Structure formats: C-alpha cells, structure tokens
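Counting from 2, one number per residue, gives the positions in the sequence shown under this note's numbering.
Be a bit skeptical, because a hint or two may be false.
[To be verified] DSS-like, lysine-lysine: derived pairs with alpha carbons at most 25 Å apart:
1. K206 with K47
2. K47 with K197
3. K47 with K30
4. K204 with K158
5. K204 with K219
6. K30 with K219
7. K63 with K52
8. K64 with K206
9. K219 with K63
10. K77 with K63
11. K219 with K206
12. K204 with K64
13. K126 with K77
14. K197 with K215
15. K47 with K13
16. K63 with K206
17. K158 with K140
18. K77 with K197
19. K77 with K219
20. K64 with K47
21. K197 with K13
22. K64 with K197
23. K158 with K77
24. K13 with K63
These aren't lab readings, by the way, just hints derived from the structure by calculation.
Quick caveat, the model's predicted, so the values are computed rather than measured.
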Amino acid sequence: RSPFSLQGPLVKLLTHSQQTAQALTSHHKMPIANGPNPHLSSGTKKLDIVKNGSLIDLSGMKKIPFQDGSWEMAWKEGAHNGMVVCAFDLPETVSRNDNSLPPCRMYVEFPIWTKEGLMEDQAYKLVLDERRQANEDEKNQALLQYRQESNPFLKLKHYHAALQAVERNSLTPNYNHVPMGTNDIVELNQGISLAKQGTVFMKPKTNGPFSEYKHLGKATVTLIDDAPSSDEE
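Given the sequences, and given the hints that come with them, work out the whole structure.
If you want it as structure tokens, here you go:
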C-alpha cells in the first residue's frame with residue numbers, strides 16, 4: 002500500500018497551435034510524444050494547474066506545489082483505445098510521516114476509448130469473465146473429485162484436470178482496466194470515454210531511459226465543468 006494519499010490537483014487541459022505544441026514537446030518530456038512512436042501522440046499540450054494537491058499527515062494538511070503541467074492524448078496503432086497522460090513537476094521532497102517522495106516528474110495515465118470501441122471491449126470483457134468463471138468452476142470440481150477419490154490413478158487424473166483449468170485462466174487476457182458502468186467513466190468531447198481509474202508513475206529528476214519510471218499507485222479523476230484558470234479567483 003502506498004504511504005501517500007494525495008487529494009487533487011485540480012487541472013484544466015488546454016490546447017495550442019502546432020508550433021506551441023512542438024515547443025512544449027521539446028521542453029516537457031512525455032512518454033509517447035518523446036518516445037519511439039511520437040506519431041501516435043497528439044503532441045505535448047499545456048496543463049493549467051488551477052489548484053495544487055494536498056495530503057494529510059500527523060501534523061495536519063500539507064500543500065503539494067505541482068509545477069509545469071503538460072498533457073498528451075495518444076491512440077494505439079490501428080486501435081479504438083488509447084490514453085490521456087498528465088504530467089507535473091514535483092520541485093521539492095514531499096514527506097508524510099516517515100515516508101518521502103523525492104523531486105520528480107509525476108505522470109498520471111487514464112485509459113480512453115471511442116464510444117464504439119468501449120462497447121466492443123466491454124462485450125469482450127464479459128466473454129472473458131464467463132470463460133474465466135467456467136475454468137474456475139471446472140478447477141473447483143476437479144479438486145473436489147480429487148479429494149473424494151481413493152484410486153491413485155483417478156486422483157492424478159482429477160489433479161491434472163484442475164491444473165489445466167488453472168493454466169487456461171492464466172492464458173486468458175486480463176481486461177480489468179475496462180470500465181463496465183457509467184459511473185466508472187467520464188464522457189469527453191468528440192465521443193471519447195475516459196476511465197475514472199488511472200495509474201500514477203514518476204521519474205526522478207535525472208536523464209535516463211523509460212525503465213527508470215517507477216509505478217506509484219492508482220489515481221481517480223473527476224470532471225468539473227468550467228473550472229477557473231490558475232490566475233482567476
């Protein structure tokens with residue numbers, strides 16, 4: 002379990018001209034725009050940090066001074082799903098009790114789908130869930146027969162049947178990232194659906210390969226209409 006539970010920040014995703022996006026891409030390193038397949042990215046765009054995040058420890062509430070926000074949208078090659086990635090600089094060490102997070106570039110990634118793509122993935126997830134449950138039922142039945150059987154050869158047969166059911170489940174794709182209910186998604190413009198549950202990762206303030214990115218935990222997004230800009234009250 003992560004020692005940090007952050008509230009916020011409140012952000013506004015901004016769009017810019019192609020020239021401005023190119024300038025941002027060169028300054029703010031993003032996983033896709035600055036990765037091996039930049040053509041899949043919308044390009045780096047500015048993210049306005051309307052309100053900084055916070056956390057609560059034994060001493061009370063602490064403000065988290067995020068800076069230099071940016072974001073990108075990327076679609077997988079030839080697919081109907083992708084991701085929105087938001088990034089912030091954490092300029093100073095943040096501590097909570099005996100745990101600390103060093104200065105870093107923090108990234109929050111949320112899956113996205115087209116309307117039709119989400120429906121397809123939801124239908125496929127139902128098929129996979131039924132297949133996984135059938136394998137689980139077969140495993141349990143085989144183990145029950147194994148425990149009840151006294152013949153050693155038949156016991157071995159039931160044990161192998163249970164192992165085969167477990168193996169089939171291990172080879173069944175995991176679609177747990179696909180949101181199934183309307184309360185699990187946020188509807189964006191142009192028919193894009195964004196999952197409320199995302200992933201947080203970070204990269205220390207050093208230059209290096211993508212392998213230096215470290216997974217931190219999970220994130221939840223809430224849509225707030227007409228949020229003010231950071232220079233407004």
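> Hint by hint, which ones does this structure get wrong, listed from lowest number up?
Replying inline: As far as the earlier hints go, 4, 10 and 23 are violated by this structure, in ascending order.
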